[in-house]
Structures are given as structure tokens and as C-alpha cells.
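Colleague: One letter stands for each residue in the lines below.
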Amino acid sequence: MKFETLSLLSLALGLSLSSCRHEQNGIRYLNGPEDLHGQVLCAQVGSVSDLYFTEAYKDSEIKYVDYATDIPLMVMSGKADAGATSSLVWMTQQNSYPELSHFSIESTRTDVGFALDKRNAELAAQINDFFDRFLDTEEFNEMMDGWCQDPDRHPMPQPDPEDCYAGVITVAVSPDQPPHDMIRNGDIVGIEPELMVRFAMEKHMRVEFMALSFPGIIPALVSGKADVGCSLFSITEERKKTVMFTNPWTQETIDIMVRRERMSHDDDSAAELNAGEDGTLSGLLERVSVSFKRNVLEEKRYEMLLKGTLSTIIISLLSAFLGTLLGVLLSCGSMSGHKPLARISGLYISFMRCMPQVVLLMVMFYVVFGKTDMNAISVSVVSFSLCFGAYVSVIFTSTLKSIDKGQSEAALSMGFTPMKTFFQFVLPQFMPRALPVYRNEFISLVKATSIVGYIGTFDLTRAGDVIRSRTFEAFFPLILVTAVYFLIIWLLTLLLSYAELKSQPVVHKFSNRKRHHD
Amino acid sequence: MIRIEHLQKTYEGNDLKVLTDVNVEIQDGEIVSVIGPSGTGKSTLLRCINMLEKPSAGKIWIDGADVTDPRTDISKVRRTVGMVFQSFNLFEHLSVLDNVMVGPVKLLGMTPEAAENQARELLGQVGMLSKADAFPNQLSGGQKQRVAIARCLSMNPKVILFDEPTSALDPTMVSEVLRVIRDVASRGITMIIVTHEMQFARNVSTRVLYLDQGVVYEDGTPEQIFDNPVRERTQIFIKRVRTVSRHFDSEGADIYSLLGEIRNFSFQYGLDAALTNRIENAVTVLLETCLNSLDDARKAKLHACSGMDLDIGFSEKSGHVRMRLSIPVELERIFDSDTVEGQARLAELNSTFMSVSQEVSEGRMIVSLGLNCR
Chain A
30 MKFETLSLLS LALGLSLSSC RHEQNGIRYL NGPEDLHGQV LCAQVGSVSD
80 LYFTEAYKDS EIKYVDYATD IPLMVMSGKA DAGATSSLVW MTQQNSYPEL
130 SHFSIESTRT DVGFALDKRN AELAAQINDF FDRFLDTEEF NEMMDGWCQD
180 PDRHPMPQPD PEDCYAGVIT VAVSPDQPPH DMIRNGDIVG IEPELMVRFA
230 MEKHMRVEFM ALSFPGIIPA LVSGKADVGC SLFSITEERK KTVMFTNPWT
280 QETIDIMVRR ERMSHDDDSA AELNAGEDGT LSGLLERVSV SFKRNVLEEK
330 RYEMLLKGTL STIIISLLSA FLGTLLGVLL SCGSMSGHKP LARISGLYIS
380 FMRCMPQVVL LMVMFYVVFG KTDMNAISVS VVSFSLCFGA YVSVIFTSTL
430 KSIDKGQSEA ALSMGFTPMK TFFQFVLPQF MPRALPVYRN EFISLVKATS
480 IVGYIGTFDL TRAGDVIRSR TFEAFFPLIL VTAVYFLIIW LLTLLLSYAE
530 LKSQPVVHKF SNRKRHHD
Chain B
1243 MIRIEHLQKT YEGNDLKVLT DVNVEIQDGE IVSVIGPSGT GKSTLLRCIN
1293 MLEKPSAGKI WIDGADVTDP RTDISKVRRT VGMVFQSFNL FEHLSVLDNV
1343 MVGPVKLLGM TPEAAENQAR ELLGQVGMLS KADAFPNQLS GGQKQRVAIA
1393 RCLSMNPKVI LFDEPTSALD PTMVSEVLRV IRDVASRGIT MIIVTHEMQF
1443 ARNVSTRVLY LDQGVVYEDG TPEQIFDNPV RERTQIFIKR VRTVSRHFDS
1493 EGADIYSLLG EIRNFSFQYG LDAALTNRIE NAVTVLLETC LNSLDDARKA
1543 KLHACSGMDL DIGFSEKSGH VRMRLSIPVE LERIFDSDTV EGQARLAELN
1593 STFMSVSQEV SEGRMIVSLG LNCR
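Sequence lines, in order, name chains A and B. Numbered by my numbering, the letters in the first sequence go through residues 30 to 547 in order. Numbered by my numbering, the letters in the second sequence go through residues 1243 to 1616 in order.
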């Protein structure tokens, strides 16, 4: 009986495994666009390739990723058979992925330009004017060559601060598409940023860059947080309904990347590649140290990590502090005899508990504080305080209710004032009961802050993403970031654990005499 | 001196007037027991005196200070008025010693050394010194209450309010707490004790207040109240037939839960084991003959006619146990002597009880059954 179950199980397992690897025995080659039907395809959310796949390959399963850099990883790991990316991006990436091969789909050739809100037609016209004069020059070609050949060192033009008297242009960039948009030494650089800086220098203006994730750029334009968005935007009719575009400064096609062994003429080189792997421990250590150098030491990327870590800590601590205050107010509200107040607190708490934090964050940034100058860190702190307050107020209320009223009455009847009663008798019993649950909630908060990248806050997770987008390494930055999170949470909760320890009852609280207690 | 004038307490929401008009004056050194039926506001009266409950109307003076006046520093007055609670209310996060030290150190400005010496002395007096380092959750109910009394004494109060200090205790622990209260009574501290322990109230107090219908219904020395109560409700209460009541419906009787209740009842009023057994036996017979033997038609009828009520009463004065069974007249034929069945039932009852009588009033037939026990 047992044996039969086992064999059934292994059969099911085998089936599911083999269905993951499409036609393992007779490899189905992917040599051109027509071979992609029925395959698992991967594209960046909202990108042109997303639109193209959805349109042309209705019979295929499409997997979406947030960052363009994740696409090669999906293909390499076999989670997707083919991935699509902009030819401009792939141009620089392909050297990092010797395992992957590609072909272009010429029919997808589209124009690429900068996006602006429709109210900014005048600025768009000025940029177009600049393009007309600049794009055909030798200088432009030199700039392009420079960035493509040596994205790690090609210099950005440095405007003279004295010359920037005419104002500021805010440019939203998704800096994960080198060499067009990237972060180098903590600054946003690349072909598109340089175009904007050159334009601004002509107008005696200063450019302020804002690093957002790709899906965040259009909302930033519409809400007026940014004037110009550049992230290799393909100019499509659909997008023109929401925003307006400058004239194109270049064109791109969609490049399809597939694993080398899936291309019929690349079989041999795939075999060569596999020969080079070193499976020993020293080989592993060596790879780790190489990764460490690339991801942490080069270009002083540790500064980026430190900056991200700092933001994560600041956002977590400030949100925890403000949220705790809010939580205290809310539980006072819900425990007060005042009925409308209790009702409002209750409504607020259930509303906040049901709202996904990402949605709250986006609404706060683009809608509530959309028209203000409030920076992303402050908005993050406000949003997280709002949720954290709701969460912890429930902890506070239930803990307070669990401390029996009789002790307060006893204290009052002895002549303690209500205030002293609270601090002397209620609070000391409240702390050891509430702290363990509170600590858990706090840990959740620290981890939840990893979504602030959505509104362009440069936190630890975002730092990891940016490093990934530069080094094209999948796992090392992720593991690194995880380790740092672990460290942060460990250190911060150590503090809370200390407070917990201090709040435990002691035998001789009032007596000065030292004595042994068994 | 405590003076209470026209004290009224109504609970918001349910319109329940607990105290309607309480007027009383208590002199220094008096030991006053407050007795009365449940729900007459004895505890409420006590809690109004130290303002744990806010009176709806009326005035209370403690040593000339009007505690109902918002301008009075109530915390200061409370330092001289201790309270011992039914549920002990020890500070759970403090050790026994600290429970008895916290008041003097934090409120009276006593040095920790002096407070500790005093605390140890008080704990010694209530027999709890060996548990000085224990936490409240390690103590039994009686031990907790003795610590609570020591804590109360640590503030050196002029008045102590005891709010049913033994009601939450296992019967075996009542006496240890009562002995401690007796000791305290000999110190000249004014005491107001709400209690159900009649014997204790009689022995320890110098004055007894009988509270009923929201007022001080009768006020006098223990001898007056317990031996020669003047007013009617006091008489009923003092000579009271203490009762256990049950309502039965068609579903049959839950004999075991009723027997458990009878056992508690016997324990509470000190009925001896032999008597308890007889009562239990009698009740079992009664229920078997009158309820569980009914056929389905009669059960349906019983259900339709608002069921059957059983009151078991014990008179402390005479030592008699009386049972009173009230059944709908529609069912009176279960005792009909014309039928074989009815005769059997009556015979059964007559052999168990000393006296059996029947009367019909207001659509119910009342069967009174007497059980002589002394």
C-alpha cells in the first residue's frame, strides 16, 4: 500500500518536473519569432515587449518582472523559455550573459523619446528644438559611443552651479537600464540623463534626478512630482493618451533572448560554456570573493548599500516611533467612553488593516502629497506610521484589557493618583505582555519598508536592485541585502529585548538591601 | 467620622437605582457590619465612600472633608481610608514584600528601610512573613487576602473598608482571613465590613446596618439586629429561609447540577453531612416521582404551562428544611389519589417527608414538603 502511494507520488513529481522543462529530450529550437508560440515568455511590466507579447503570442504564458535586469535571470534559470528586452538595453547586457543568445524582431521597431505631462507642452517643444540641433552632430555620436564602450567611466557633463540660475527640471528615471539610465557611484548617469543635462545647460537650468521604478514614472509625471520622465520610453499610441512625448532621439527593437542551447546553431558553444564550471569549495569561495568585489567594492557600491541601510533604519525607527504614538492615541480613542471617538478609531483601524501597504504608499505619494514638495522618505515615514499605528493600537488595547481593573482600583484606593496608578502599576504589567507582540510587529515593519523603492526612496532593497542592474548578478546582491536586513532587525530587536528584560518583575524593587533570592 | 447624607447611586444605561437614599453617621472606632440581600448595593455603598464609584447624588464627609466635592483632593483622603477587596487585587508584578512597601515608600515618603521593617512586621502579624519574596500568583486565596490586609495596614489608615473579604475564598480558607480581620478589629481602627458571614458579623462588630431597598433599612447593635429585629424585612432576612430554587421544563431535570448546588448550600450554612444526604435523597425522590416519570403528553403539557418550580429552603432558626413544589394545575392529577399511579406517588412522598400538604392558588398547585432534621 505504502509502496504504491510512493510510486504514485514519484510519478506525479516526475511528470511535473518534466513538464517544467519543455521537451527535454527533443529540444525545441527557438530560432526566430515564429518559434515562440506556446513557450513561456518573460517581459518587464508595462514595457513595449509586454505589449508585444500580449498582442502577438496569445497562446503563450507570459511572466512579468518589475526590473529589466530580472529578465535574463528568468531565462537562464529556465523559469522562462525566452525573454524580451529593448535592443538598447540588451546591447550592453549581452556580454554579461554568455549563456544567452538573442535575435531581433525587426517588425517591432519603435521610436524612443522622453515623456512629459500634457501640461508641459512648452518644455517638450524646447526639448524637441534641442534634439533637432543636437542629434545629427558628431558630438552626439561621440557621446553614444563613449557610453556604449565604457559605461563605467564615461564622464557626465558637469554644469557650473553658478550658471544654473534659470530654475530646476525634475527628471524621473528608472536607473536600471545601463548605459541609458543607471546609477554610478551613487549618481544617476547615462545617455538619457546626459541628454537632459545638456539640454538644461543650454537653458541655464539645473537637473534634479529622481530614481523611481519603471511603473512609478508615469504617475510621477501626472501628479507633477517630475517634469520629464526618461526610461527608454517607446512612443506608443496608447501611452500618448496619458502623457505626451518629445520627438524620438533613437529607435529600438525588441530583442529576444534565449538560452544558447535552444538555438540550433549555438549547440557547440553551450557545451563549451558548461565545461568551465568549477564545483569545488575553493572555486565557490573564489566566485564569492569575485562577486563581493564586483557588487560591493567596485565603484564604492558599499556607499550605496550604506545609504540604503541608513534609509531603511531611519524609515523603520521614525515610523515605529510615530506609529507607536498614533497607536497610543488610537487605543485611547477606542477605549474611551466617548462613543463617536471609539467608532472613528475602530473604523480607522479596520480600514488600515485591510489596505495593502504598497497601495497606501502610492496613494500617499502621488495623491495625498502629490502636489507638495514632501520628499519620498517623509512620505514613506508617514505611510508606515499610519499602518503601524493601526496595527499596534490593537496590541495595546487588548493588552490593557488583559490587565485586571482590580489592581488599578486597589492603587487608587490606597491614594495613588490615576496618573501614578498608570505608571506605577499598569504600565509595568503592560510592558512584558505587550513587548513580545510589539517586537514581532516591529520586525514586520522593517521588512515592509522594502517597498519604499516604489516611490523612489533609496532604501536597502532598492540599493540591491540597483546593484543588480549594474552587475547583472542575480543572487549575490539579494543574499547580501538579506544579510543586512537580518543584521538590522537583529540589532534593533536586541534593544526591544533589553527593554523586555528590564520590564520583568523583580523581587526586591523597593528594598535597597542586597540579598540572595532562591 | 464618616457622615453620609442622601446618598443615591443609579447606574447609567439600565436605570437601576441601587441606592435610593442612604443616611448614616459612623463614629471613629466603630466596627460596622453591613448586611442585606444580594443586589441591595452594599458594595456600592462601600465603593462610594472612597469614590471608586461616583455617587449620583448626595454628600459624603470623611473627617470633615466632602469627598463628593470635585475640589477635594480625593487621593489624599484615600490614604487614610484603606480598602480590602473581594478579589484581593494584589499588584501582580510586585513581590509580597513590595506589595506592602509600595504605598509607604511612594505615597508616605517613608525610607525603604523603614518601610521594609514595617512591612515585615505587618506580614508577621498576618502570618505571611515566610512568603515575603513570593509573587501573588504563587499564593492561595486566603494568603492573598491576608497580604492584602497587610498592604492596607501599611498605609496606617484610620478607616478600613472590607468589601466581602471572604466571598471569593474556598470555605476552608475563610476562617484564617476572618481571624486576621478580628485581630485588626482590636486595634481601634474604624472598620466597615460588607459580609455574608452572619456569625462573624455578630461577633466582631459593634454595630450592624441592614441594607435593603436602597436604604439603611435597620440600624442597631448586633444583638438588636440579629435577636430582635424590629422591621419586617429585617426579620425575614435574619430568620430567613435560605433557599435554592430551580425551574424545570419538559426536558427532564438535571439532577446532578441540582445536587451540586445543594451540597454548596449545605456547606455555606454549615448543615451536617447526614442532613445533606437526606435532602439530596429527598430531592432525588421528588424529581423521580414528579418529573422524570411523566409520560410524553404530560411533558408537553408541562412545557406549555411554564414548567415546574422547586424551592428548597433551610431555616437557620428552626433548623427545618422545607421544599416547595409548584406545578401547573393542569398537572395536579399526577398526585390524584383516585389513580394507582397517583397513590404510588403520594405514598413515596409520605414515606420520605415528615409532612406533605397540597393547596391550589393562582392556577398552580403548591405541594409543601417538610423534612425534620434536628
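It is possible that part of the hints are untrue.
[Unchecked claim] 30 Å max Cα-Cα, derived DSS-like pairs, lysine-lysine: (1) B/Lys1301 <-> A/Lys449; (2) A/Lys449 <-> B/Lys1348; (3) B/Lys1296 <-> A/Lys270; (4) B/Lys1373 <-> B/Lys1400; (5) A/Lys368 <-> A/Lys449; (6) B/Lys1259 <-> A/Lys531; (7) A/Lys269 <-> A/Lys368; (8) B/Lys1318 <-> A/Lys434; (9) B/Lys1373 <-> A/Lys531; (10) A/Lys368 <-> B/Lys1259; (11) B/Lys1296 <-> A/Lys368; (12) B/Lys1481 <-> A/Lys449; (13) A/Lys430 <-> B/Lys1348; (14) A/Lys336 <-> A/Lys449; (15) A/Lys434 <-> B/Lys1481; (16) B/Lys1541 <-> A/Lys434; (17) B/Lys1543 <-> A/Lys449; (18) A/Lys449 <-> B/Lys1541; (19) B/Lys1543 <-> A/Lys434; (20) A/Lys92 <-> A/Lys368.
[Stated by the list, open to error] Rough simulated footprint, nothing fancy, chain A against chain B, three-plus residues with beta-carbon under 8 Å: (21) 1270 to 1280; (22) 1433 to 1447; (23) 1452 to 1462.
[Claimed, not checked] Restraint ranges, calculated between C-beta atoms of paired labels, are given here: (24) A/Leu524 <-> B/His1248: 53 to 61 Å; (25) B/Thr1252 <-> A/Lys449: 24 to 32 Å; (26) A/Val535 <-> B/Asp1311: 36 to 44 Å; (27) B/Gly1369 <-> A/Val535: 46 to 54 Å.
For the record, the hints were derived by calculation from the structure and aren't laboratory data. Just so it is clear, CB atoms sit at the ideal spot from N, CA and C, and this is done for glycine as well.
Colleague: Please go over all the hints and tell whether each is borne out by the structure.
Modeller: Going down the list of hints, with the structure as the test:
This hinted pair checks out: B/Lys1301 and A/Lys449 have alpha carbons roughly 27 Å apart, not beyond 30 Å. For the hint pairing A/Lys449 with B/Lys1348, the CA-to-CA distance comes to about 9 Å; that is within 30 Å, so the pair holds. Taking the CA atoms of B/Lys1296 and A/Lys270, the gap is about 68 Å. The hint is violated against a cut of 30 Å. Taking the CA atoms of B/Lys1373 and B/Lys1400, the gap is near 27 Å; set against the 30 Å cutoff, the hint holds.
For the given pair, A/Lys368 sits about 26 Å from A/Lys449 by alpha-carbon distance, which is consistent with the 30 Å threshold. Among the hinted pairs, B/Lys1259 with A/Lys531 is inconsistent with the structure: their alpha-carbon atoms are about 47 Å apart, more than 30 Å. At most 30 Å may separate the alpha-carbon atoms for a hinted pair to count; A/Lys269 and A/Lys368 exceed this at roughly 51 Å. Restraint check for B/Lys1318 and A/Lys434: satisfied, since their Cα atoms lie roughly 21 Å apart, inside the 30 Å limit.
A hinted pair counts as satisfied when its Cα atoms are at most 30 Å apart, and B/Lys1373 with A/Lys531 qualifies at roughly 24 Å. For the given pair, A/Lys368 sits about 24 Å from B/Lys1259 by alpha-carbon distance, which is consistent with the 30 Å threshold. This hinted pair checks out: B/Lys1296 and A/Lys368 have alpha carbons roughly 20 Å apart, not beyond 30 Å. Note on B/Lys1481 and A/Lys449: the hinted pairing is violated, with a Cα-Cα distance of about 47 Å set against a maximum of 30 Å.
Between the alpha carbons of A/Lys430 and B/Lys1348 the distance comes to roughly 25 Å, so the proposed pair stays at or under 30 Å and holds. The suggested pairing of A/Lys336 with A/Lys449 is violated, with an alpha-carbon distance near 43 Å, which exceeds 30 Å. At roughly 37 Å between alpha-carbon atoms, A/Lys434 and B/Lys1481 are farther apart than 30 Å, so this suggested pair is violated. Pair hint B/Lys1541 plus A/Lys434 does not hold up; C-alpha atoms about 47 Å apart against a cutoff of 30 Å.
For the proposed pair B/Lys1543 and A/Lys449, the alpha carbon gap of about 63 Å is over 30 Å, so the pair is violated. For the hint linking A/Lys449 to B/Lys1541, the alpha-carbon distance of about 62 Å lies beyond 30 Å, and the restraint is violated. Taking the CA atoms of B/Lys1543 and A/Lys434, the gap is near 48 Å; set against the 30 Å cutoff, the hint is violated. Of the supplied pair hints, the one linking A/Lys92 and A/Lys368 is violated, its CA atoms being roughly 50 Å apart against a limit of 30 Å.
Beta-carbon proximity to chain A at under 8 Å applies to 0 residues in the region 1270 to 1280 of chain B; the threshold of 3 is not reached and the given coverage is violated. A count of 0 residues in the region 1433 to 1447 of chain B with a Cβ less than 8 Å from any Cβ of chain A is obtained; the coverage claim is therefore unmet, three being the minimum. Residues of the region 1452 to 1462 of chain B with a Cβ under 8 Å from some Cβ of chain A number 0, which does not satisfy the need for three, so the listed coverage is violated. The given range of 53 to 61 Å is respected by A/Leu524 and B/His1248, whose C-beta atoms sit roughly 57 Å from each other.
Between B/Thr1252 and A/Lys449 the beta carbon distance is about 30 Å. The supplied range of 24 to 32 Å therefore holds. Taken as a hint, the range 36 to 44 Å holds for the pair A/Val535 and B/Asp1311, whose Cβ atoms sit roughly 40 Å apart. In this structure, B/Gly1369 and A/Val535 break the distance hint of 46 to 54 Å, their C-beta atoms being roughly 25 Å apart.
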